[in-house]
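Engineer: One-letter residues, chain by chain:
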Amino acid sequence: MKLTTPLGEEVLDLTAGDRVLLSGTVYTARDEAHLKIQEAGFPFNPKGAVLYHCGPVIQDNAVVAAGPTTSARMNALTKPMLDAGVRGLIGKGGMSDEVVEALRGRGVYFAFTGGCAALAASCMRLKGVHYAELGMAEAVWEIELTDMPLVVGIDSKGNNLFKR
Amino acid sequence: MPSPFFETVAAAVERAIHDAETELPADVVSVLQTAYANETSSVARGEYENIFANLKIAKERDVPICQDTGLIVLYITLPPEIPYSAELFEAAEEGVRRATVSVPLRPNAVNPLSRKNSGDNCGEGIPAIHIRPGEKFTVTVLPKGAGSENMSQIKMMLPSEVDKIPEFVADVARTAGSRPCPPIIVGVGIGGTFDTASALAKEALLEPIDQMDDFEQEICDRINELGIGPMGLGGKTTALAVKVKRGACHTASLPVAVNIQCWCCRRRTVEL
Numbered sequence: 350m351k352l353t354t355p356l357g358e359e360v361l362d363l364t365a366g367d368r369v370l371l372s373g374t375v376y377t378a379r380d381e382a383h384l385k386i387q388e389a390g391f392p393f394n395p396k397g398a399v400l401y402h403c404g405p406v407i408q409d410n411a412v413v414a415a416g417p418t419t420s421a422r423m424n425a426l427t428k429p430m431l432d433a434g435v436r437g438l439i440g441k442g443g444m445s446d447e448v449v450e451a452l453r454g455r456g457v458y459f460a461f462t463g464g465c466a467a468l469a470a471s472c473m474r475l476k477g478v479h480y481a482e483l484g485m486a487e488a489v490w491e492i493e494l495t496d497m498p499l500v501v502g503i504d505s506k507g508n509n510l511f512k513r
Numbered sequence: 143m144p145s146p147f148f149e150t151v152a153a154a155v156e157r158a159i160h161d162a163e164t165e166l167p168a169d170v171v172s173v174l175q176t177a178y179a180n181e182t183s184s185v186a187r188g189e190y191e192n193i194f195a196n197l198k199i200a201k202e203r204d205v206p207i208c209q210d211t212g213l214i215v216l217y218i219t220l221p222p223e224i225p226y227s228a229e230l231f232e233a234a235e236e237g238v239r240r241a242t243v244s245v246p247l248r249p250n251a252v253n254p255l256s257r258k259n260s261g262d263n264c265g266e267g268i269p270a271i272h273i274r275p276g277e278k279f280t281v282t283v284l285p286k287g288a289g290s291e292n293m294s295q296i297k298m299m300l301p302s303e304v305d306k307i308p309e310f311v312a313d314v315a316r317t318a319g320s321r322p323c324p325p326i327i328v329g330v331g332i333g334g335t336f337d338t339a340s341a342l343a344k345e346a347l348l349e350p351i352d353q354m355d356d357f358e359q360e361i362c363d364r365i366n367e368l369g370i371g372p373m374g375l376g377g378k379t380t381a382l383a384v385k386v387k388r389g390a391c392h393t394a395s396l397p398v399a400v401n402i403q404c405w406c407c408r409r410r411t412v413e414l
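Protein chains in written order, with the numbering used here: chain P, 350 to 513; chain R, 143 to 414.
Worth flagging that the hints you see were computed from the coordinates, not collected in a lab. There's no promise every hint is true.
List time: in silico DSS-like cross-link candidates among lysine-lysine, alpha-carbon distance up to 27 Å [to be verified]: (1) R:K258 <-> P:K385; (2) R:K378 <-> P:K512; (3) R:K201 <-> P:K476; (4) R:K198 <-> P:K476.
Calculated Cβ distances over 12 Å to all of chain P for the following chain R residues [claimed, not checked]: (5) F148; (6) G276; (7) C391.
Virtual Cβ for every residue (Gly too), placed ideally from N, Cα, C.
Only chain P is shown next, with the shape it has when bound in the complex (with noise of 0.2 Å):
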């Protein structure tokens, strides 16, 4: 299935083991661009917006590597990203029972595979970059997908593919 950012309620029609191919804007978020948001702001609209758990290898305005970090460091910090319209995060590793929750009925948790740096770098464009001195891994990267494969691993009915 394709999807384009941003995403609207189709996201509620996604069940957890599907397969999707993701075009659009994404923003990369790691643990400090998240508290800089809540102290300072959305760099960009909110609403309907995908966050990308990730820190990548930049180099020459190109994104080099990219593959996602660990989504449970931003467990504590997500629910305020949701409420503000955000209806997409992609990570790996999954996320808290809590996250899961204010997932409900809003949005839903892509799972991309760890370490695959450059098969994502291969699907992205970068288009610029919000909060940068956070640094290279923790600022937030504007980026243009085309067709990056994810899975549903949280949907927003609070099915969870990591919990068995």
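We have chain P already, so just place chain R on it with the hints.
Structural biologist: This is chain R only, laid out in the frame that chain P set:
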């Protein structure tokens, strides 16, 4: 003007880092292929397919396999004619600085408290450099990512708990769950002191992973019963291999260190 010795070492370190970051060793690819062949879950199979596609793209584009290019750990063997010197350490650090630009590597080294990033993957005690005497002058690089390193543990067990070692190692893997990018490789250091047990566990990750002894296989089977699977999405293989290194220890001690490594087990040895 750097000496020829300095240049040789810096260039060798830079090359070893480049090769380690962009192409996995044959034994690691082989165990990943075996795990894929044995997997029946379609979601888990999809994860392996992404892994193989990624390895191909990284090689073709000459870019890092994973964006967490790690902290650089170096193992150097010195033949009798090469002196142990400050220049050797300085040259190794220079190799890391050059690789940071040329590979490129993500700058990962920060001050532990201020979190200020040095920008060049060097800092106090980093790269970690381990030097031993040997027959040949070799540099082995083990880039270590944080996702798996963060899930590592050490336990000062009781001498009466030898039989409980497999249970402890499996518990570390269970606690780690999806976070260290499974399927994982588990380095176990048994014995030594508090610090050398951890060093043994990390050195175990340098061993070929396409073979295991009975003890290692027993622990590996126990971990695979957990069903965590690739990326925690469920599957038959949670650990690709368990490798154990042993050291003598105090009669009153049984240190056991478990160093977790993600599927992207990067290492490369260059001979000078």
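Engineer: Hint by hint, say whether it matches the structure.
Structural biologist: Quick rundown of the hints versus the structure:
The suggested pairing of K258 (chain R) with K385 (chain P) holds, with an alpha-carbon distance near 16 Å, which does not exceed 27 Å. The suggested pairing of K378 (chain R) with K512 (chain P) holds, with an alpha-carbon distance near 16 Å, which does not exceed 27 Å. Taken as a hint, the K201 (chain R) and K476 (chain P) pair is honoured in the structure, with Cα atoms around 25 Å apart against an allowance of 27 Å. For the given pair, K198 (chain R) sits about 26 Å from K476 (chain P) by alpha-carbon distance, which is consistent with the 27 Å threshold.
No beta-carbon of chain P is positioned within 12 Å of the beta-carbon of F148 (chain R); the least distance is around 26 Å. At the 12 Å boundary, the C-beta of G276 (chain R) stays outside the reach of chain P, the nearest C-beta of that chain being 31 Å off. Once the 12 Å rule is applied to beta carbons, C391 (chain R) is consistent with being away from chain P; the minimum gap is 33 Å.
Violated hints are absent here; each numbered hint is respected by the structure.
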